[in-house]
Structure formats: structure tokens, C-alpha cells
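A.B. asks: Here is how the chains run, residue by residue.
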Amino acid sequence: MTEKDYGAIFLEELIRVAPDIEAADVSPEDHIQDDLELDSMDVLNLVTALHERLGIDIPEKDYPEISTPARAAAYLERAV
Amino acid sequence: MPSLGADMEAGTLVEWSVKPGDTVKRGDIVAVVETQKGAIEIETFEEGIVAELKAELGRELPVGAPLAVILKQGEEAILEAGSEKPHVEPPAPPQAEKPTHTAAPAPALASAPLASPAARVRAHELGIDLATLAGSGPGGVIVLGDVEGTVAPREPKTKKQKSSGSPFEEMRKAIAAAMTRSKQTIPHFYLSETIDVEAAIRFLEARNATLSPDRRMLLGALFVRATALAAAKVPVMNGHYTDEEGFKPSKIVNPGIAVALRGGGLVAPALMDVATMTLEDTMSGMRDLVARARAGRLRSSEMTMGTITISSLGETGAEEMTGVIFPPQVALVGLGAPHLRPWVVDGEVVPRHVVTLTVSADHRVSDGRQVARFIAAFEDAVQSPEGL
Chain D
1 MTEKDYGAIF LEELIRVAPD IEAADVSPED HIQDDLELDS MDVLNLVTAL HERLGIDIPE
61 KDYPEISTPA RAAAYLERAV
Chain H
1 MPSLGADMEA GTLVEWSVKP GDTVKRGDIV AVVETQKGAI EIETFEEGIV AELKAELGRE
61 LPVGAPLAVI LKQGEEAILE AGSEKPHVEP PAPPQAEKPT HTAAPAPALA SAPLASPAAR
121 VRAHELGIDL ATLAGSGPGG VIVLGDVEGT VAPREPKTKK QKSSGSPFEE MRKAIAAAMT
181 RSKQTIPHFY LSETIDVEAA IRFLEARNAT LSPDRRMLLG ALFVRATALA AAKVPVMNGH
241 YTDEEGFKPS KIVNPGIAVA LRGGGLVAPA LMDVATMTLE DTMSGMRDLV ARARAGRLRS
301 SEMTMGTITI SSLGETGAEE MTGVIFPPQV ALVGLGAPHL RPWVVDGEVV PRHVVTLTVS
361 ADHRVSDGRQ VARFIAAFED AVQSPEGL
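These protein sequences, in sequence, are chains D and H. If you're matching positions, the first sequence starts at 1 in the UniProt record's numbering and goes up one per residue. If you're matching positions, the second sequence starts at 1 in the UniProt record's numbering and goes up one per residue.
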């Protein structure tokens, strides 16, 4: 999978955790907490979903690495 | 139609989860009702057999209107005997003598006219004596429309009555009504304390580093547990206050957890009996509650059985919050986000993460000394996280 594929998966899981966000409104540079208003419970649910789907266990200290869809895509590709 | 909040006037029945002949027990979901705060699953408080579904799907019904008849064991005979009709209720067919409605019990009032809370508040604002009004609600209850003189009695509701605003506008109105009522009727007072949460943060970091994401814990779960333990120790912070009955402390602690919704608005569904739960169960209960709040599938008991509310600003954000009590509760725990601050520990200034806790309390029920005891119990619990 390419970085782009990981970006698409991240966005899919993001929308599943926060069904009130429109995928079309999310830009790669949006901060998931500051711009998209995810709270800490949403972030944990997102990390849980990514773990279940990709088998990638993102430790708490790496949460800043997934703070935007663009950063997350790069991180997930590296983490495989 | 049960009341799902102090400010609720009516709800729209959107789904039946039972049919006549079904056996139900306390806590079963019988219907789904659309309210200003989203779709809510209605649980029954009765046990028995569903005899009749009275309410029509898609109809907006005032609080108190019968939804269905549930017969307890032994009540069938009474129905068959066709006993007398209790009172005029236009569209209703003859009823059994004691049908058990899923609706909340009628308020026990002797002298004061029966009126919905929103109607009382509006009448007070307009300076109208409720005794001069005729109620168009079920059993002659005065509803908001009667006070404002906009609803023709006994007319089916029109679209205009249920304003055509967006869900967010509707929720904003519900919040406005509840918060206005709170500030107009509850004499709030506030006590604050800044608490060192370094031990709690280190505890969670160490714990979560070894666990997969589905078992990780958030600081918020510690706060909810600490609130439950403190509320169990200081009963005047935990319960409901009504004009009719005054303060009724609750034996169990059901913390309402304020969940902010994107685009505006919030709900505060309750997690039941947290004082007897483990920290792990508290966390999974919160996860489930937040997920269902976002999906719009909360249950009626969660909307009405909260005994104290926790409003936390999360892990980033402002330092302090002074909240408004959610009636009929008598206390709200406001928690700011953790901030790194210079702190004196054992005579040395050291960097520490601290959280400012502000308790809003109802002065009709408690005094500063009791709230101070609550805060001390909360602080003790948070500072020994392994004991939570």
C-alpha cells in the first residue's frame, strides 16, 4: 500500500469515529483536534480502529504523529 | 410520552420496538422517540404484556400522552370485564381500570395547577398566574403553548408548532430552556481547587504503554470515578431537587457526562451506579456512552437518571470552567484541561500538571463546608489513582 492508500484508510476511520464530519470537508492539513474537534475519546477510538484494521498499534507518545491526515498517512506507511 | 429532560414539551414517536402480545420487563426498550436532543430509545419501567399500542408513528405527542398499555399479570381479567372509562380522553378507546402506561407517573400535586416545567418558567417570565389558564395537555396539564396562547386546545399539532429549525437550532433551544431555568431557579454557588494530577497522568502513561488501544484509559475516566466516590461520601451533592418534594438524595451515583457535539450543542447522558464499578468498567461505559451520543442513540434512563454532572474540557483547552447545574440535579463538577505549572512540593518548586476543579452547587441543598468535603474526597481519589 502507498502513503495515499493509508491516507484514504485514515480518513475512512476518522469519519466512522466522527460521523458528523463530511469527508469532502477534510483537508490533509486539518488538525484532528483543533480543526476537526475530535476529543480525547474520539482520538482513542480512532487509534483503536486503526489498530484493528491495520494491526498498527500507535503508542500514546506517537499520537502527535497522526495529528493531521497528511502526517498520519506518512506515519502509517512508515509504521508497517 | 415520558419527559426526557426538564425542558421537554413533546416528542415524536418514530419507531416501535415491541408489538401487542410481547412480554416486557423493566429496562426493555419499547420505542424510539425523536426529541430536540436527537433520537432516544424509550425504556419501560413496567413488567407485563403489551396490550395495545396507542400512539401513532410520526405523531408529535405532548409529554404525558399515553404511548402504549402494558398489563401486569392478573390485569387481563379487568380489561375483558370492560370496566368503566376513567375520564374523557377523545381518541382513546375504553380503558382498563388501571392500565400501566410507559409514561412517567403524574406529578403528585394537591393545590398548584398542573403545568409543564417550561410552561411554569414562561408563565413566571410573563407574570401570568397559572391558575388563570386552562391546560390543553393530557389531563388538563398546562403546556408552554397555553401560556403563550399559541396553541388551540386539542387541535392536532401543526408543523408550525414544532418549529422547522435545523437539529442544531432545536438542540440550542433545548439547552437554552434548561440553562435559563437553571439560572432562574437554582441559587448557584461555587468552590474551586487546583489539583496536582501528575501522579494520575504518570499512572495512566505507565498503564497505557503496555496495553492495546482498546484497553487504554483516559484521565476523564479517573475524574468520573473520583466524582462518584466523592458524591457517595457527600450525599447532598447527589440527587434531584423539585419544587414539590424538595431535595431527594440518590442512593446510587449516576454521573451525567457532558459530551460536546460537533457543530454545537451538548448532551449529558448518565452512566449508572459508577460508585460500584471498577475503573476499567467506568472507562468502557464512557466509551459506549460517547459513541452512542455521537450516533444519536441514547436511552431514556440515561437522559433522566443522572444525579450529578461532570463537564470536562478534555486534555487540551482552557484552564478553568464554572458550569451551570443541569436541573433537577444539584451539583456540577467542572474540570479544566491539565496545564503544566510551577508547583510547590515538599518545599521545592517543581513543574507539575495541575487541573482546576470547580464545583457548582445548589445553595438550597448544600453549603460551602459540604462542597469542600466533596472536593477533598475528589482530590484524595485522584491523587491515589491505583486505588480507583
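Hints listed in this document are in silico derivations from the structure and should not be mistaken for laboratory results. Be aware that a few hints might be false.
What the hints assert, rightly or not - To spell it out: a stretch of chain H is covered by chain D in this simulated footprint if at least three of its residues, at any positions, have a beta carbon under 8 Å from a beta carbon of chain D; those stretches are:
id: 1; segment: 54 to 68
id: 2; segment: 196 to 210
id: 3; segment: 216 to 228
id: 4; segment: 276 to 290
id: 5; segment: 312 to 326
Stated by the list, open to error - Quick list of simulated restraints, FRET-style, between CB atoms:
id: 6; chain 1: H; residue 1: 20; chain 2: D; residue 2: 78; range: 58 to 66 Å
id: 7; chain 1: D; residue 1: 23; chain 2: H; residue 2: 57; range: 28 to 36 Å
id: 8; chain 1: D; residue 1: 22; chain 2: H; residue 2: 148; range: 33 to 41 Å
id: 9; chain 1: D; residue 1: 24; chain 2: H; residue 2: 73; range: 32 to 40 Å
id: 10; chain 1: H; residue 1: 248; chain 2: D; residue 2: 74; range: 55 to 63 Å
id: 11; chain 1: H; residue 1: 205; chain 2: D; residue 2: 23; range: 31 to 39 Å
id: 12; chain 1: D; residue 1: 80; chain 2: H; residue 2: 281; range: 31 to 39 Å
id: 13; chain 1: D; residue 1: 2; chain 2: H; residue 2: 347; range: 44 to 52 Å
By construction, the Cβ of each residue, glycine as well, lies at the ideal position given by its N, Cα and C atoms.
A.B. asks: Taking each numbered hint in turn, which are not upheld by the structure, reported in ascending numerical order?
C.D. replies: 1, 9, 13
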